[in-house]
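Here the protein sequences come in this chain order: A and B. When you line the first sequence up against the numbering used here, it's residues 1 to 237, in that order. When you line the second sequence up against the numbering used here, it's residues 1 to 308, in that order.
Treat the hints with caution; some may be incorrect.
[To be verified] Which chain A residues stay away from chain B? Per the calculated CB distances, all over 10 Å, these:
id : residue
1  : Arg-9
2  : Ile-29
3  : Gly-73
4  : Ser-76
5  : Arg-101
6  : Gly-108
7  : Thr-124
8  : Glu-126
9  : Glu-129
10 : Gly-140
11 : Gln-171
[Claimed, not checked] Here are some chain A residues pointing at chain B (derived, C-beta under 7 Å):
id : residue
12 : Val-12
13 : Leu-13
14 : Ala-14
15 : His-16
16 : Leu-18
17 : Val-19
18 : Gly-21
19 : Val-203
20 : Thr-210
[Unchecked claim] Derived lysine to aspartate or glutamate pairs resembling EDC-like cross-links, with alpha carbons at most 20 Å apart:
id : chain 1 : residue 1 : chain 2 : residue 2
21 : B       : Lys-306   : A       : Glu-162
22 : B       : Lys-49    : A       : Asp-15
23 : B       : Lys-122   : B       : Asp-150
24 : B       : Lys-77    : B       : Glu-45
25 : B       : Lys-306   : A       : Asp-204
26 : A       : Lys-38    : B       : Glu-255
27 : B       : Lys-306   : A       : Asp-205
28 : B       : Lys-306   : A       : Asp-36
29 : B       : Lys-62    : A       : Asp-15
30 : A       : Lys-175   : A       : Glu-158
Bear in mind the hints are in silico, worked out from the structure with no lab data behind them. Even glycine gets a Cβ: it sits at the ideal position worked out from N, Cα and C.
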Amino acid sequence: GAVELVAARVPVLADHPLVRGPRFRKLKIGAGHRLDVKASGVFVLGIGHGNKLLTDLYNCHLTKVYTVGGLFGKASDDFSDTGNLVEKTTFDHITREKLERILAVIQGTNQKALLMYSNIDMKTQEAYELAVKGLIRPMGKSPPIITAIRCLQFALPEFQLEIHCLHETQQYLRKMVHEIGLELKSSAVCTQVRRIRDGVFTVDDALPRTQWNLQSIQEAIRNCQLKVETELEKTLA
Amino acid sequence: FSDWDDIPPSSALEVISEEEAAQIIAEPLLPIQSSTLRDYVDHSETLAKLVHLGVDLSQVEKRQKAGQLLLTLDFEKDVKKILLFLKDVGIEDNQLGPFLTKNPYILGEDLEALETRVAYLKSKKFGKSEIAQMVSRAPYLLLFSVERLDNRLGFFKNELGLSVKKTKDLVIRLPRLLTGKIEPVKENLQVCQIELGFQRNEIQQIVCKTPKILTASKKRLKQTFDYLHNIMGIPHHMLTRFPQVFNSKLLRIRERHMFLAFLGRAQYDPAQPSYISLDQLVSLPDEVFCTEIAKASMQDFENFLKTL
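The following block holds chain A by itself, in its conformation from the complex:
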């Protein structure tokens, strides 16, 4: 008669969790636009497929928005209030109007840079209309560009700015505070750089440390999914 071989599965210790070890060891997490050690605010992370979306979003060149705090009367070697003091100056002559005038100049020069790096022929009607609506932006590499800047608070010696920008570094923003101080015939150091928006992600979407758990993270991903998709479709179409 024919002999049958029957396969039977027998549990082996080699598969026991105490022998095999944990099933999941790694999680692929990617980071979005950099935020340096001294700065705070919205920081975008991606998990798994989110890493690809991060790359796509990077290629959309969306603006980021910061609140930047400054203090008149001092200059430091790294432009921040924790750096080594280089100079002390008076600041009583500074007024809000004077500051806003400087901000307008900054906005103006940056506007020119914006148009230049966006490779748009301004002579066309279409280009003009887009520019008026603020829909122009460089879709390739460029130096940092400020698309909007305004003064939120002014109480000598402190002031606070809101800055919309592209391709920036936080250190660039600190240097800007330093230069504003110089333009106003005084000096200034940067006390705070806080990102309140990164593309489609706002402070409201961001999870504070108290919510760094699986459930909150899953919910946060779900809540932002739609606007991420919409933005990608709009820009990359």
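Since chain A is already given, all that's left is putting chain B on it; use the hints.
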């Protein structure tokens, strides 16, 4: 034994029936070398019994020569007596697995040496349950010679200027002090005295309340002290009263203090009204801290955190 008159063994090339072929069990040989105990666990009584005790072999195999040691041990002859010894010392059955995972090397120790060391601790008037606690929390303890244990106890007694009883209480609470390196402890004491400016008797009080300060990172210790003393304005004597703040994360202290300051409630002087103790500041969970101490909601706290 073989009988020469019996039928000679068959040649490997001899033709056999299908039935006989199916009955030959040809298992692969055990590998001579392997980087994991998985290859041996189903063929080793010692390994199998250890897994059943709860030993995590996937962790053990990462340690230097530990896997090799286990494979050379015989369960009945070598391992059993050490297990009985550990149970005698007071390690619970369900604790044996995790204990051996952290210290598999004890299975290769000489039983007499181990017993001598326990006898030494008993001679120093450590109670049975105290010894069990120390061994459990510092699994390497019994690998140290009597001489070394003695030196360590002497060191702590002299450096800190504590009584015999207080020194014992200290090492019972943090037995790691006996097994860890001494240099970092010396350095931490220097930091407390010279850089942080605590008096010797203050250091004694702090160490007895929170022994972990002796093994904390110096950088963290200095940063936490700097914030508490220079930014929050807490004087030395208050820090001596509540040394548990040094065990707390600096971020937690900062965020909660800034929130209280924002609300105008940052009052840490017991002589003044609405006093908030450092203990309340750091030990309470977030929700309780918000409602009882800050008198605000969790949502308010989280909104505030987002402005930092």
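Here's how the hints hold up against the structure:
{"no.": "1", "hint": "Arg-9", "result": "holds (14 Å)"}
{"no.": "2", "hint": "Ile-29", "result": "holds (21 Å)"}
{"no.": "3", "hint": "Gly-73", "result": "holds (21 Å)"}
{"no.": "4", "hint": "Ser-76", "result": "holds (19 Å)"}
{"no.": "5", "hint": "Arg-101", "result": "holds (29 Å)"}
{"no.": "6", "hint": "Gly-108", "result": "holds (31 Å)"}
{"no.": "7", "hint": "Thr-124", "result": "holds (43 Å)"}
{"no.": "8", "hint": "Glu-126", "result": "holds (40 Å)"}
{"no.": "9", "hint": "Glu-129", "result": "holds (37 Å)"}
{"no.": "10", "hint": "Gly-140", "result": "holds (33 Å)"}
{"no.": "11", "hint": "Gln-171", "result": "holds (20 Å)"}
{"no.": "12", "hint": "Val-12", "result": "holds (5 Å)"}
{"no.": "13", "hint": "Leu-13", "result": "holds (4 Å)"}
{"no.": "14", "hint": "Ala-14", "result": "holds (4 Å)"}
{"no.": "15", "hint": "His-16", "result": "holds (6 Å)"}
{"no.": "16", "hint": "Leu-18", "result": "holds (5 Å)"}
{"no.": "17", "hint": "Val-19", "result": "holds (5 Å)"}
{"no.": "18", "hint": "Gly-21", "result": "holds (3 Å)"}
{"no.": "19", "hint": "Val-203", "result": "holds (5 Å)"}
{"no.": "20", "hint": "Thr-210", "result": "holds (6 Å)"}
{"no.": "21", "hint": "Lys-306/B x Glu-162/A", "result": "holds (16 Å)"}
{"no.": "22", "hint": "Lys-49/B x Asp-15/A", "result": "holds (15 Å)"}
{"no.": "23", "hint": "Lys-122/B x Asp-150/B", "result": "holds (12 Å)"}
{"no.": "24", "hint": "Lys-77/B x Glu-45/B", "result": "holds (12 Å)"}
{"no.": "25", "hint": "Lys-306/B x Asp-204/A", "result": "holds (9 Å)"}
{"no.": "26", "hint": "Lys-38/A x Glu-255/B", "result": "holds (16 Å)"}
{"no.": "27", "hint": "Lys-306/B x Asp-205/A", "result": "holds (11 Å)"}
{"no.": "28", "hint": "Lys-306/B x Asp-36/A", "result": "holds (17 Å)"}
{"no.": "29", "hint": "Lys-62/B x Asp-15/A", "result": "holds (17 Å)"}
{"no.": "30", "hint": "Lys-175/A x Glu-158/A", "result": "holds (16 Å)"}
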